[in-house]
Each structure stands twice: as structure tokens, then as C-alpha cells.
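Once you've looked at the hints, dock chains B, C and D against the given chain A.
Number of protein chains: 4
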Amino acid sequence: MLEGEVVLFLTEKGKRHLVQVVEGKRFHSEEGYVDLSSVVGLPYGSSVRTNIGCTWFVLFPKFVEDLMKVPRVTQIVYPKDLGAIVVMADIHTGSRVVEAGTGSGVLTASIASYVRPTGEVYSYDVSERNIAAATAQLARLGLLRYVKLKHGDVTSRIDELDVDAVILDIPTPWLAVSKAHQSLSAGGTLLSLSPTIEQVVETVETMKETGFIDIESIEILLRRLRVRRGMTRPEHIMRAHTTYITSGRKALKSAPG
Amino acid sequence: MLEGEVVLFLTEKGKRHLVQVVEGKRFHSEEGYVDLSSVVGLPYGSSVRTNIGCTWFVLFPKFVEDLMKVPRVTQIVYPKDLGAIVVMADIHTGSRVVEAGTGSGVLTASIASYVRPTGEVYSYDVSERNIAAATAQLARLGLLRYVKLKHGDVTSRIDELDVDAVILDIPTPWLAVSKAHQSLSAGGTLLSLSPTIEQVVETVETMKETGFIDIESIEILLRRLRVRRGMTRPEHIMRAHTTYITSGRKALKSAPG
Amino acid sequence: MLEGEVVLFLTEKGKRHLVQVVEGKRFHSEEGYVDLSSVVGLPYGSSVRTNIGCTWFVLFPKFVEDLMKVPRVTQIVYPKDLGAIVVMADIHTGSRVVEAGTGSGVLTASIASYVRPTGEVYSYDVSERNIAAATAQLARLGLLRYVKLKHGDVTSRIDELDVDAVILDIPTPWLAVSKAHQSLSAGGTLLSLSPTIEQVVETVETMKETGFIDIESIEILLRRLRVRRGMTRPEHIMRAHTTYITSGRKALKSAPG
Amino acid sequence: MLEGEVVLFLTEKGKRHLVQVVEGKRFHSEEGYVDLSSVVGLPYGSSVRTNIGCTWFVLFPKFVEDLMKVPRVTQIVYPKDLGAIVVMADIHTGSRVVEAGTGSGVLTASIASYVRPTGEVYSYDVSERNIAAATAQLARLGLLRYVKLKHGDVTSRIDELDVDAVILDIPTPWLAVSKAHQSLSAGGTLLSLSPTIEQVVETVETMKETGFIDIESIEILLRRLRVRRGMTRPEHIMRAHTTYITSGRKALKSAPG
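Protein chains in written order, with our numbering: chain A, 403 to 659; chain B, 403 to 659; chain C, 403 to 659; chain D, 403 to 659.
Just chain A, with the same shape it has in the complex:
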């Protein structure tokens, strides 16, 4: 671990803390404190003891954990949905992707991480404050070079043409469906995230009218198993809803010859 790095502490009682390593500082918790100086120079996977004798492990955060360490200015995208979004939107290294709204930049960063090093994300937001905050996050994650942050409203205008995918995480995605169709390459994917069913219905019906095909709406449920030999069972509580994910592909409007 290096001075200035963000590390993940796994505590004895199973808590997880993302902490920036600063020499001379202490990180305090219910299980006592750790002198952060003592962490500098340790290899990942090492354990440390808190002042009251609890054993913690220190790891680098996975990308998706690092991603979540943002000020929650807006609703967040959940890790369980990130993988599905990338697969459904057919995003790969080299993809050119329009995204809106930027929000906290969590989804932007996730997409950027999959299009690099040769692809690019064009991320729109109507709020300059969101763009500023997302810029900082993307810089922190080393992903800023793969993203063009743009102040604008995708329901009015999308500058890019022939993009591989358009990802919408806005309150009224149906208003952006037409612009998305213009922006996409033939066969490209429009993917939209909405928490409510009425938003999904409005978006899907608009997509049908606008020339999208292969439209589907899904939700991803993640269920945890608590594994202990002789006492294995599903976890008692789970997240029952985050967002619906709707996708469809651009068809050409002209009738067959």
C-alpha cells in the first residue's frame, strides 16, 4: 500500500471500509482504530491489528468497489446491474457510447472501463455541477481520457452519429428515444434504466413507434447464499428492486425493397 492510495479494510466482524492511506492519520471504527502509517508498505492481503486487538485484512478495492466511493449526488447504479448493462448493450473495447445523464459518473466510469483503450464515452448531463463532480471521479479512477463530458440535454440533441450504443439513465427516457435512434448506427443498441414500471412502458412503446426492434425489459435479482457447512441457507434479506433495464436495437425505417 502506498501513501495516498485508497484501500479496503475487511474487519473482523465483516464490515468493509474504503479508506485513503494518509501517514500519521488513524482510521477509527467500532472495532478500534488502525494507524494508517503502519499500513504503508504492506503487501495487499496483509492483516493488521486494531488497537483493541481486532484483526483486519487490507486489500486494494476491486474496480466496482472503488467506483462506488463517490459522493451520492444522485441515485446510484448497483454492481449487479453493471455487468448486465455491459452485456446487453454489447459494449466492448473500442465501442463508442453515448450516455446520459452523467449523474455521479458511476455508470460513465463503468462503461469507460470497458470501452478503453480505443473506445470513447460521450456523457451528457443538464447539470454543470454533476459534470464537475463526475470529472473529478473519472480523473481519480484514471478514466477521464476515455470520456467526453458534455453539458446538454439528450432529449433535444445528441451530436455524435453512428455510435454503437446509447445508454439512458434519465427520468424521461422516452423523450430521448428519437434522438437516440438518429445517433445510433444501424443495429446499435439503445439501453435505458428506469426504476418505475410506468417509465418502462412509456419508453418501450415509444421505442416500438420509433423503429427499434428486439426490445426487451428485464430486471436482475442478486440473491446471496450464506455458506457454512451444515448451516447453509439464503441470506434473510435482499435488495428486491433497483432498476428495470430496457434494451432494443435500431432498425432502418424504410420498408424492404
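In short, the hints are calculated from the structure, not lab data.
Here the structure is a predicted model, which means the values were calculated and not measured.
There's no promise every hint is true.
What the hints assert, rightly or not - To list a few chain C residues with every Cβ distance to chain B over 10 Å, as calculated:
{"id": "1", "residue": "Pro463"}
{"id": "2", "residue": "Ile478"}
{"id": "3", "residue": "Glu522"}
{"id": "4", "residue": "Thr557"}
{"id": "5", "residue": "Asp616"}
Claimed, not checked - Example chain C residues on the side facing chain B (calculated, C-beta under 7 Å, incomplete):
{"id": "6", "residue": "Glu600"}
{"id": "7", "residue": "Arg625"}
{"id": "8", "residue": "Gly632"}
{"id": "9", "residue": "Met633"}
{"id": "10", "residue": "Thr634"}
{"id": "11", "residue": "Glu637"}
{"id": "12", "residue": "His638"}
{"id": "13", "residue": "Ile639"}
{"id": "14", "residue": "Met640"}
Claimed, not checked - Beyond 10 Å from chain C on every Cβ pair, some chain D residues (computed):
{"id": "15", "residue": "Glu407"}
{"id": "16", "residue": "Lys427"}
{"id": "17", "residue": "Thr537"}
{"id": "18", "residue": "Leu563"}
{"id": "19", "residue": "His638"}
Cβ atoms here follow ideal geometry from the backbone N, Cα and C, with glycine treated the same way.
Chains B, C and D only, in chain A's frame:
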């Protein structure tokens, strides 16, 4: 569409067919046939008519669809799980990943698509026939250059050191946990796929004993919504189980100083 | 088993057949046939052999299985939902319950079985044919004495007052909410079954306006575990949707003093 | 509402309180207090105001709510499972049911409510304290006359013969499978509740060996929909696990003649 290309037909009744375009051939279905010559040269997103007047759209397959067009020599990994695997195993461009068994190469190809262009997959299988079949698939998908296919048994030996992730899709993953620990870099992720609960328990208990931390076992459920204005409801039938996904991270074995 | 009785055959391969025992008849299946005469006089739980040597067990059908042996004139209520309906609608021996539409009589019979011997079900349907068919079913199940079948439309008129519960399984339940409120005793439960989300929204919003409180909408998912030592896992396929169940309780409309 | 009765307050913010009405007492909450004297004599469905002006509704509790108002001496059975248990165990008015362990008496009372007025529950527990507590609860609910509470261990002895169902909610149900088989009538149902998968496996395997057929293990998931026009979505959090429910039917052990 070009001669020789694999295209996706979306039929009027909602069927999906992956078909290789060969001049002079016809593709027959319940909805009539399409002359494949007539498809050559059309832009993606075009529609064609079958001989009995059904309208079909023609698209390039998404990567995940193309991926699934393999002879089913072994159990397949489902698209809903592929995204979760990549996120949980923290796989990115540049990652070095050990994988076993190669099987049909579906998971191999999926991982390869996310580590490219600078990463590498080392994929082991005990069957030379599987390796041969997977080689063909990876070549077809343009991913062979990112994969080293290796004839061997990961429960006995893993050659690579300091890898970012080890992905196991074998019947007895617990027997490979120790070799995986040796192969991984500190903090690296072991991820294992198993359909049965007893396999999960055996694997998790072995991981605990072997020095893995942050162990979790999950399953991903995908539920489809049938969206039609005024008649929206979840689909009647869903896939209720494919695989459990278990992951954990390598800790150093030495006790804290 | 007695001549004329309906029995349940559990076949060697796990199929289930509800069959009426008629002397001299054979019951044919993929696993061969059984002479029904040979079943007469056997105790429940006995096994019989088919002509090709398969072993079948013979049981009396559980009530809920017997219930499902009806001609499917209309959409059926699923066993997984029947228990939840009875619990949510607070139905017990002695309850007086209005129900509509009668349909095939499956739900009617189920409710009747729980209100007997002192309660009563008033079951409305707009189709005389449904009423005739349900009458036959209820008679077969020995439940006709607990049910008053009524030809009528509950969106226009419910004759009974001060009932404990009103159960709606009709396409436009919101149109019957007002009549249900009049019919219910104070604190009584209105429960409505609808497959689509738009029906649920319309019904709930109407219930809010009409003076219902404690409104909730749920769905019940049943997941099967395939249990075999060493190979235990959830079943691969499940029913992902049957109906939403909405319930609410009648409040008095007058403002507090 | 009468003095001494237990009522259900539904508060303005959606909380639910089960409160015994005692003249001269106040019920205090975050939303202020209610003078319980003011509730006496009100009809169900009435609203009252707290001292700080919040409007609450007053209802009689549904049976299942009343049932849950017990001191939690042991793990509780959830309402979502009660209906399924009754349907799967084929319990009706008149059924004779053995149950163990009595625990808090919640499941006992629920079963009793469905077998009355002509059936009977024989409820065993190894703890005299549990039996005493359950006796009090059953008396409070008016169900004591339908239950014989018995101090004993069903893994050693079940006195009753020819019962319709045996319901087990004990830590080692597999040890009671043999006694349950003896106690059941031919075709009768053994139903067992267990939170962990290993318990389910052990129980199912023992049932197979002991002459049970038609064995199935399920779990019931209840998902709530938050319904508001234009903003409808599933609830964010749900209970992901309570218990597995295993059932099977008694076959005769003798081979077919």
C-alpha cells in the same frame, strides 16, 4: 451483410435465428424461407420478406449471441451470469486470468473479450477435444490471440504466477483452490461456478481454510417484463437456476507482525 | 379406493395423473396401462404395476389437486396463491365471503372449503354457463351447500351486506370497488387478483379514493429445490408470474369527531 | 372496540401497532399519543387523532396479525408460509394433525384455526415452558379447545395413529420421520420446516428411505409492489429467506401383490 457472415434474423413471430450468409442458399423456417443471396449487401437493421410474406429483420448478432452459437459439448454459461462474473472477478482490459475448464470456450471467449487487447487468458482443460473445439470457436470470434489454451488439470498444476483472477468451472473446484491460491497475486480473485449447493459448500469451506477472504456466494436471477401498454406483467416462465457464483480474494498466510 | 373415486397415480418417472376409477377400464400412459379394476379395494399408498412393469403409487388427491381437475373454461388460480389469498383475506370457518367471477369455480371451492361448515360464499358471475359448470364442480367436491351461486355483475350490484371479505377475480376490479365497500363490514377485506400491473394500479388508486386503508399489493413466487444428497440445487425452471394479489380494508368514511 | 380488546392502529406514516385497549391508558408513539378511553365504543374502521394531530385508523387485527402478537421465545413462522403450509399439508376443517415443536404456538394456532371446529391438533414440545406459553396464547386466541398440548419428543414417540398430517418445526426433523410415518394414515402428509439446506437434504433422504413418496421441497417468496400511479415499482427490500417447506406422503411399505 457480407457473404460468409453470421447474421441474426428476428422473425415476425419473435423467433431468433443465427444464420451464416451463403450465396445461393435458402434459410427455411416455420415462417417460410429467405434467399440468403438477397441479404448480401443489405445494411444492418434492414427487413426482408420470406417467400410466404413474413417480414424479418436482419442484424449483426451481439457478441453474447455470437458467443452462444457453439456446439453444446458441455454445459453452457448463461448471458445473465457473464456480466456478473466479469464484475465480481474484477476483470478488465489488461487482466491476466487463469480459467478452467475450457469446455466449449464460451466463458473463455467472454473473458478474453474483456481483457483484450493487453491482457491474456490461460485456459486449461483435461480434454484435448474440448481444447480443439474451443480453439475453433475462439478463432471464429477473433479472440484466439488473447488466449493460451493449455492441456492440463488445474487441480494438479497451474503454471502461471501472479495472475489477477482464477475462474473455475469444473465439477470439483475445491480440489483446485490450493493451486489457485498459489497462482494468484495478493488480493487477486478466485471465482468458481457450481450448479449444486454441496459443491458451493465444499468450495467455500476449502477457501476459508486456504487463506481466502471476502468470500461470497451468490446467484443471479433474470426476470423479464412483458411490456404492452395496459397489459404489462412479468413473463410467465423464467429460468430459476443456472449456477451459483462464489468468489473470494487471496490473503497472505503469514500472521500480522 | 372405491369404484367411481378419483385417484392420483404417481408414476415411476414422476408424472401425476388424476383418474376416475371405473371397473373394467384401463388407464393408458407412456409407461404402459393399469387395469383400473385392480385398483378397487386397495388401500391408499399402495403400489401397482403397469403392463410393462412400471411401478406406480396410488393416492387420494389432496384437496388442491382435486380442485384443479376442472375443465379450464377460464384462467385458473394457482395453488401457491390460494393459501396467501385465504390468509390475506382473513378467511376462516364461519366467514361470509362475496366472490366474483365464479369462473371455473376453483377459487370459489377453495374459499368454500375454508369457511365451512358455518360460513357461506356468495359467488357472482355474468355467465350462466360458468355458473352451471361451477355448480357441477362444487357438487363433485361436496362444497355446494356452502356456496350461493348468483348470476350477476358485481360492478353493478352486490346484494349481501356486512360480509367479511370480497374477493375479485374479474378483468376490471376497479369498477367493483365501490360496491365492495358498501357490501363489506367495517374493517372487512377487499382482495383482488389481477395479472397485469395496470390493473393493479387502477384498482389500488380506486381503493384509496373509496375509503380503503392498509392497501398492499404482492406477488407470491414459489421456488422448488431439487433435493438429492450431493447434488442439491433449485429447479431450473419456475413459474415467474401468475397474478398480483391486492388487498385493503374498509375504513369508515366519516371524519374523526 | 371494547375495553380489553386488542386493536390495530394504522398510523399516518404507515406504522402498525397492536395495542390492548385499557381505559385510562395512553398509547405513545413517534406520532404522539392516543387516549385509549377515546377508542372504546368506536366502530372498526374509525379514525382517531393523536395529541399532535396525526390521524390514525383503528381496526380489529386480522387473525394472522393477532397470531404474531406473541412473546418471541422461538423462531417465528411467517405469514407468507402459513397459507402454503395449510395447502400443502392438505389441512381442512376436521383434520387431525400432529405438530412439533409447539414453540411459541404460532403455527399451532394457525393450524388449529383451519381444523376447527371438528378437527384436532396434537402439539408436542420438549419444553414445559414453551407449552405453558403456548397454552396462554391459544387461550387468548380462543383456540385452546382444538389443541392437545403434549410434553414429549416426537423423535421418540408419537401417540396418535391414523392422523391426516404431521407438521415438524424442529431442528432435527429427520429423526422424527420414522415416528411420523407410523402415526400417519396411508396417503397422509408429512410436512417439515427447516431454514437450512443441509436440514432439508437430511430430511428428504430419510423420507425417501422411510417410505414417503411425492416428496417436494419449496420456498415461498413474497414480493411487494409499491403502487402509485406513474411511480409503481417493486419494493426496494424484501425478505429473501425464512424457511424451506418439505412435504411428502405416506406410502405403504409392502410391495404390490
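A quick look at each hint next to the structure:
1. Pro463: holds (25 Å)
2. Ile478: holds (13 Å)
3. Glu522: The claim holds: Glu522 of chain C sits with its nearest Cβ about 33 Å from chain B, beyond 10 Å.
4. Thr557: Nearest chain B Cβ is 18 Å from Thr557 of chain C, so the label holds.
5. Asp616: Since the minimum Cβ distance to chain B is about 24 Å, Asp616 of chain C lies beyond 10 Å and the statement holds.
6. Glu600: This interface hint holds because 5 Å falls under the 7 Å limit.
7. Arg625: The hint holds - Arg625 of chain C has a Cβ within 7 Å of chain B, the shortest such distance being about 6 Å.
8. Gly632: holds (5 Å)
9. Met633: holds (5 Å)
10. Thr634: holds (5 Å)
11. Glu637: With a minimum Cβ separation of about 6 Å from chain B (threshold 7 Å), the hint on Glu637 of chain C holds.
12. His638: holds (5 Å)
13. Ile639: Because about 6 Å separates Ile639 of chain C from the closest Cβ in chain B, which is inside the 7 Å limit, the hint holds.
14. Met640: Result: holds, 4 Å to nearest chain B Cβ.
15. Glu407: holds (12 Å)
16. Lys427: holds (19 Å)
17. Thr537: holds (21 Å)
18. Leu563: At about 15 Å from chain C, Leu563 of chain D clears the 10 Å cut-off, so the statement holds.
19. His638: Fine: 15 Å to the nearest Cβ keeps His638 of chain D off the interface.
Hint compliance for this structure: no hint is broken.
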